[in-house]
Amino acid sequence: MIQTGWRCVAVLLIVVARPVASSAADDPDGIALFEAKIRPVLVRECYSCHSAQAKSVKGGLRLDSRAAVLAGGESGPILVPGKPEESPLLEALRHEGPEMPPKGKLPDPVIADFAQWIKQGAPDPRNGPATIAARPTIDIQAGRQFWVYQPPHPHQPPTVRDASWPATEIDRFVLARLEAKGLHPAPEADRATLARRLSYDLTGLPLPPDEVDAFVADPSPDAHERLVDRLLDSPAFGERWGRHWLDVARFAESLTLRGLIFPDAWRYRDYVVDAFNSEMRFDQFLQEQIAGDLLSADSPRDRARQIVATTFLMLGNTNLEEQDKHQLDMDLVDEQLDTIGKAILGQTIGCARCHDHKFDPIPTRDYYAMAGILASTRALEHANVSKWLEVPLPVTAAEEAAIRRQEAAVAAVAARLKAEKSRLARLGQKTIGPLAVNRAPGIVVDDAKAQRVGQWTASTFNKTYIGDCYLHDGNSEKGDKALTFHPELSAPGEYDVWLAYSPGTNRSTSVPVTISAADGETTVRVNMKRSPTIEGRYIALGRFRFDHEGQPFVRVANQGTTGYVVADAVCFIPAGAARPIRPAPVVASASLRSLENELKRVKAAGPKRPKAMTVREAAKPSDLQVHIRGSAHTLGDRVPRGFLQVATLGPAPAIPSDRSGRLELAEWLGSTRNPLTARVFVNRAWHWLFGAGLVRTPDNLGTTGEPPSHPELLDDLASRFAGEDEWSVKRLVRRIVLSRTYRLASTAGLDPKAESVDPENRLLSRQNRRRLDAECLRETILSAAGTLRRERGGPGFPADLASDFDYNDERTCQSVYLTVFRNALPELFEVFDFADPSLVVGRRDVSTVAPQALFLMNHPFVLDQAREATRRLMTGPDRDNPSRATRAYRWTLGRLPSPVERDLIVRFVEGSAGPSLESAWAQVFQALFASVDFRYVD
Amino acid sequence: MPRPITRREILQSAGCGFGYLALAGLTAGDSPANPLAPRPPVLPARAKRVIFLFMQGGVSQVDSFDYKPLLARQGGKMMSFVDARRQANTGMGGSEQRVMPSPWRFEQHGECGRWASGLFPEISRHVDDLCFLHGVHTEGVAHGPATLFLHCGASNQVRPSMGSWVLYGLGSENANLPGFVTIGPSPGNGGARNYGSAFLPAIYQGTALGSATRPASRATIRNLSNPVLSREEQARGLDLLRGLNAEQARTRPGDQELEAVVASHELAWRMQSQAPGVLDLGRESRETLALYGIDDPLTENFGRQCLLARRFCEEGVRFIQVTYGDGTANPAWDQHSNLPKHGDHARAVDRPIAGLLVDLKRRGLLEDTLIWWGTEFGRTPYAEKNGTGRDHNPGGFTVWLAGAGVKPGFALGQTDEFGHLAVQDKVHMHDLHATILHLLGLDPERLTFRYSGRDFRLTDVSGQVVREILA
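Protein chains in written order, with my numbering: chain A, 333 to 1270; chain B, 31 to 501.
It cannot be assumed that every hint is accurate.
Said to hold, decoys possible - Derived lysine-lysine pairs resembling DSS-like cross-links, with alpha carbons at most 30 angstroms apart:
id, chain 1, residue 1, chain 2, residue 2
1, A, K719, B, K415
2, A, K435, B, K437
3, A, K719, A, K435
4, A, K435, A, K513
5, A, K750, A, K657
6, A, K451, A, K437
7, A, K437, B, K371
8, A, K387, B, K437
9, B, K391, A, K437
10, A, K781, B, K437
11, A, K435, A, K387
12, A, K451, A, K513
13, A, K781, B, K107
14, A, K657, B, K415
15, B, K107, B, K437
16, A, K795, A, K719
17, A, K750, A, K810
18, A, K935, A, K952
19, A, K943, A, K657
20, A, K940, A, K861
Please keep in mind that the hints were generated in silico from the structure rather than gathered at the bench.
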């Protein structure tokens, strides 16, 4: 059983029904009413969920005694005697809030009986004491006694009998436990095995055969150490360990919803790879991911990196189409909190969303204290399909200059285009001056009907306007004002959307105008200094498709603008409809077409301003109310923003009332101010190097996780990691792989006693044999074929890709750079237990299923690469079958074949009646890819 | 796809390590060595397997099986309705809407005298075999959330799909085929999440055959055949692999992990030999093909899907989903405008579904197979502003079940007099899920998986078995 020492023993409280003040309560008529009309209904309709006889009492509410009725449930009291209209019970019966009974509303006369009964003071003869199980409360102080909430500290390595065996302190911790059980460690793995293991663990790549040879032949005592250092210095280290973190960060580049693509998520992936390669401090790495946008930066490059880091918060597989936008916000916060909890703290915080955590000392209040921080962080722009935030990234002066040059070049062509359009427009009908709303084309939303955020001023200073006036923002409070135009469209379909505005020299040159249509949101920048191109009154924002999902709108905002922002009206003109007022006949113009082509060319030629997916501080940070049972619409106490109490060492960091608290959250997470972060990561590293962590549930170090096999070792490593190693992941990895424990054989020369005493190898008398994961499997096949292309990040898919459906990334680059689309994972990843990109995965599944075998037998990727490997073999130096067999083994398994293996292959090749020798060798490679030694790392 | 697995692997693959132990507790037998081995259900099972016919996009209840005469009488009038989309968007649902009569005529059918419209004339012939739930309601006003809720019991959190739960609970009866197949799934509105295993071990995920975006005639299991080698060449290759593996495993006799890898190749070889036969509709008689409408271009595609479902059913596949849909954001049945288009979709599925009912019945398969016909939500009894279509309606719609364990010729539940909101004998989607698990002999409250520190279930903390419909 799980120990819940800090939890108060559930006390049976004796609640005695207090005499109800109203004498009406004991009125015999009232009792008669209760017996005739109320009690039978309660028994028939309610008791199955709300009485002692219920299998589980729903909502903590019982209705089988007067005391229980008066006590109410988890959501509070259910009735106010004498006041039916203030009684939630009646609301529920009327199905106006929570609906009771859930299977169908009771007949109106019955509900009227309940109203009457409450009005009479809810008389109820079911007197006497009622027993109600008190809801147990969480004792945080007692909770701190659990090992993981104690601060980790260094331990003196234990003394061991065989003092000559340990190579590092790690080994003394391990050997002491083995000696205590009378077990002997396995011998060290042979050099070739060790080289293969180290290379996969540190770089995810097979070691080239000549390097294996050199290592095997190197007699010097520091050969191992030198190989480790060389592998740690390889850029592949960051690719391998970055990918580990991406598993934990549920990294993906699209949403399953509509296959929407995150165009810039690859920047986050590259950031992670760079962070591991550049030895960024791990505490800093975490802080940047939580609050990079709020940290100070020394250069535009730092600033850009920090913003990209916060993409972490937005990678969840969120259902942006949820129509209840408050619920969506809370679901997003929940996903973020769940991810932060598991990934960084190894805690299942998500469990406390609906009720106090059943096992860990995490009260619901703590959940909403942290949720308040994330809810005070703006992550989405709401629309039918809400949209994540994208911001332009700061750039260096040189890049800025290049981008400016590009923008100027684009603007120059655009200006010529515009001038040409106005010239042509002037040739057409020219109507400057006020215009009645009903004279404007299509479905018109005048500024008078626009929804306003912030102060907007009506003006008729410029005489070109529609309706009574136009609106301007007073050139003030930038970022806080917006006008939203909601059209009433009569039919779905395509519309040309025009914006009417009154130009002027004091106007903003880059007003963000957002169109929300069926295919998402589009933001267009409008230069309001320029005269509108259509009749000097309108500018075409584009053609958009509108359906009946949600509410289409056009929003004019003053975010990031300098100069006056104005807006007059928005027109939605059905595509193809005859326009009441025709724009200048510009479409047919050849000069226009050539200018448009030129614009396209120039745009494609130069650098684009880089963008990233991120979050922002909300305008008004605020504390959240507890959401009772997780419902966004049943609210309880307001909880001040804060952190997990049980995991806060020292005084809790104060959160300024005008800030979200995300910066403080980041500092608390990425530091030793909580006892968890360093332990969790050290344990993850151990898992990635041994195939099992010291705690084998790496995402859960709470009470429902497993206990550590070597608590002192874990503590010691954690305190060194956060102490003398200055949160350097490379130093941590180095420390572990230089131990003798890491170097032990996994299969040969084992202590037979260990198999019975410690069948799961918790005591580490040997290394664990591990499955070759999807990436290593793929990289090794590509290496054998000589087709692996070393790439260094960047976007991996076409910029204009509309959705991820059926996307097939066929590049032969390293796996970490293959596009991770949630609806179109590379098949090899899907089949070979790649991490589910919607979940925090600290430990991948290890499965052995027939689809893997079918993939290796029949998939074109395997067949092609086997053929490539054959081509390479046949054009190589080997001329006879035995030496070719040897080479094939070195390429695939990193070792020499045994005589039996070599004979098997030679006989197979020589006995092939198939079409060609090449075909036989391709089958040999296929067999090697499928063989057990290939699939495992010893 | 059975595999021997070690205790360590079981612990590794089962989340926190408690999953299988919990499972062992709820199945009568021993802790299963093979997570896909068939397991006896904990309760008396009425159904051995499920065929789920998913009508993607939202079939209108008031134009099909939920007859509301008032709709015709009040047609065209503006009346007050609580609109679910408005409710979700603004928190206030009340709105004036124009009542829209159904363009289809309703008549009584069968011994039971069930009312049904002319939309599904073939299915309507079989109402005496069907069990209607008219008071179903669900969560999510948009396709994305509601489709996920239908399949996984959650609209936003990543949760295992129902087929995965069933496979996890009962294992598979056929070692040579996947235990959970989905024929022609849609890539939209949740895509693979709708048949994914989420935190359940990956072996429980659904195997997709084809896609809603491609013709069913091309639907197959991936990598089932070798595009280059002859069968004899492949057999020789497999022999070589056997030899190499035997040599490599020689020093480690009895190593179950290695044996599992070897066994997976043997199984793949058997699958490669047997599955194409199951997928080959050419072995069916002309009469059967006609029964499913495969002789008619209008019904050919869905007919193939339904016939494949029957063939999988015969092979003991545990959970078979058949999707009528497409890959768009506004899928097939989503008639916001042009309601008569419902008729085109009905024509495409009506005969195949009726054929499936007949075929299962005459083969005795309806005895232990549960058919579930459903949609992610219904449609409003009032019109869109364009006057020609209906909006989404999660508050009340119709689902029917047929076969193992449910009352035939029966109907439960009611919507209000306009067919808008469920009011009597309401069945929440969680309740429907719970009922189907119950019919399969699983206890919806005890079919749990320990993940992330707690026991998860398909129906979250709700889900009441609808006992009124149990035969």
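Do the hints match the structure? See the list:
no.	hint	verdict
1	A:K719 / B:K415	holds, 26 angstroms
2	A:K435 / B:K437	holds, 19 angstroms
3	A:K719 / A:K435	violated, 37 angstroms
4	A:K435 / A:K513	violated, 60 angstroms
5	A:K750 / A:K657	violated, 40 angstroms
6	A:K451 / A:K437	holds, 21 angstroms
7	A:K437 / B:K371	violated, 35 angstroms
8	A:K387 / B:K437	holds, 26 angstroms
9	B:K391 / A:K437	violated, 38 angstroms
10	A:K781 / B:K437	violated, 56 angstroms
11	A:K435 / A:K387	holds, 18 angstroms
12	A:K451 / A:K513	violated, 73 angstroms
13	A:K781 / B:K107	holds, 28 angstroms
14	A:K657 / B:K415	holds, 23 angstroms
15	B:K107 / B:K437	violated, 38 angstroms
16	A:K795 / A:K719	violated, 37 angstroms
17	A:K750 / A:K810	holds, 27 angstroms
18	A:K935 / A:K952	violated, 38 angstroms
19	A:K943 / A:K657	holds, 25 angstroms
20	A:K940 / A:K861	holds, 24 angstroms
Violation of the numbered hints given earlier is confined to hints 3, 4, 5, 7, 9, 10, 12, 15, 16 and 18; the remaining hints are satisfied by the structure.
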